[in-house]
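Using the sequences plus the hints, can you model the full thing?
Line by line, the protein sequences give chains D and C. Residue 241 in this note's numbering sits at position 241 of the first sequence; the count goes up by one each step and never skips. Residue 5 in this note's numbering sits at position 5 of the second sequence; the count goes up by one each step and never skips.
Rather than coming from a laboratory, the hints here were simulated on the basis of the structure. Hints may be right or wrong, so weigh each one.
Reference listing, derived: stretches of chain D covered by chain C, where coverage requires no fewer than 3 residues with Cβ under 8 Å from a Cβ of chain C [stated by the list, open to error]: (1) 149-155; (2) 196-206; (3) 222-235.
One-sided excerpt, in silico: chain D residues whose CB lies under 10 Å from chain C [stated by the list, open to error]: (4) Val42; (5) Thr44; (6) Ile66; (7) Arg92; (8) Trp121; (9) Pro124.
All C-beta atoms, glycine included, are put in the ideal place defined by N, C-alpha and C.
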Amino acid sequence: MKYIPDALRRLWHRMGSPRWFYETTGPWVPWLAAAAALLIGVGTVWGLAYAPPDYLQGDSFRIIYIHVPAAYLAQAGYILMAICGVVLLVWRMKLADMVMATVAPIGAAFTFLALATGSIWGKPTWGTYWIWDARITSVLILLFLYLGIMGLRRAIERPEAAGRACAILAIVGVINIPIIKYSVDWWMTLHQPATFSVTSAPAMPAIMWVPLLLNVLGFNLLFAVSVIQGTRTEVLIRERRTRWVTDLCRGEQA
Amino acid sequence: MSFDSFGEFLAMGGHGFYVWWSYLLTLVVVGFILVWPLWRRRRFLTEQRGRLQRADALGNRAEVESHAPEA
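Encoded structure:
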């Protein structure tokens, strides 16, 4: 009986080791990148050239194949950051702070992309690039939360204090995620409801939604590649005084 | 195939401007998230290697400690 929690605790500690993360995840990257390229390649070509035009929006609806993955990752990235914040505050796991620091600019980039592609899509569909409706405003707040967390980290000199402050801001900001999700139901809006739902079949035909699914999966892998590479860099920077990083710097060619 | 010619594909039923700008922006953002971690890694390795070489030349490991900036 006593061995199980011990074994679990050892696994947890090993997973929290920055060196373990660096060495374990390195070989995953080429495979993840190849799978991402394949999924996004097929999804994008299919979506742009083979899916039929929307009967109302015509060909402008093809923006969906990048807008939905970007908007999804903007929110998933934030939730990941908040989970890392909890892990950092509860277990003081340094690796969680490194992931949190890495996700912020990547999530901000996807939030920007979601806003930009949504804005461009809005012009031919709604007749305007921008409107202060609930969905768009709450996603803009998400972008400011990301930028705020990045700024907070730069503003606080001691890394431990910066990590804790960012964790608290990330956790408090999670309240914005359900607001984004339900904004299209709670307030009058131009924005259409979600394309995919767990409980019902998609309203569009398979020839339109399959490429979207491929792109959502592909962008997830792309996000994973970026977060893994970013965290590995962050590990090197923060562990630069340790023996193994020093050896790695001496051994590896730039 | 949803289009009869390459010209029609580029025109996107009159929405080419919006569609292609969206995809161009996506390319830029995807490029950024893939290159940024690698660029940061390269910069760190170059700087750290320089610091280690200076420390080795002085035969003093403490040099690495005192000159390492905060991340």
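For the region 149-155 of chain D, do three or more residues have a beta carbon lying closer than 8 Å to a beta carbon of chain C?
With 0 residues close enough to chain C, the hint is violated.
Next item in the hint list is Val42(D). Is there a CB on chain C closer than 10 Å to its CB?
violated, 15 Å
Going by Cβ atoms only, is Trp121(D) closer than 10 Å to chain C?
holds, 7 Å
Given Pro124(D) as an interface hint, is its Cβ closer than 10 Å to any Cβ of chain C?
holds, 5 Å
Under the criterion of a CB-CB separation shorter than 10 Å, is Thr44(D) in contact with chain C as hinted?
Thr44(D) check passes; min Cβ-Cβ to chain C is 8 Å, inside 10 Å.
Closer than 8 Å Cβ to Cβ for three or more residues is the test here. Does the region 196-206 of chain D pass it with chain C?
violated (count 0)
Take the region 222-235 of chain D, compare each residue's beta carbon with every beta carbon of chain C, and decide whether three or more fall closer than 8 Å.
With 9 residues close enough to chain C, the hint holds.
Closest C-beta approach of Arg92(D) to chain C relative to 10 Å, hint status:
Check failed: Cβ of Arg92(D) comes no nearer than 18 Å to chain C, outside 10 Å.
Next item in the hint list is Ile66(D). Is there a CB on chain C closer than 10 Å to its CB?
Hint on Ile66(D): holds, closest Cβ of chain C at ~5 Å, below 10 Å.
Against the hints set out earlier in the document, violations occur for numbers 1, 2, 4, 7.
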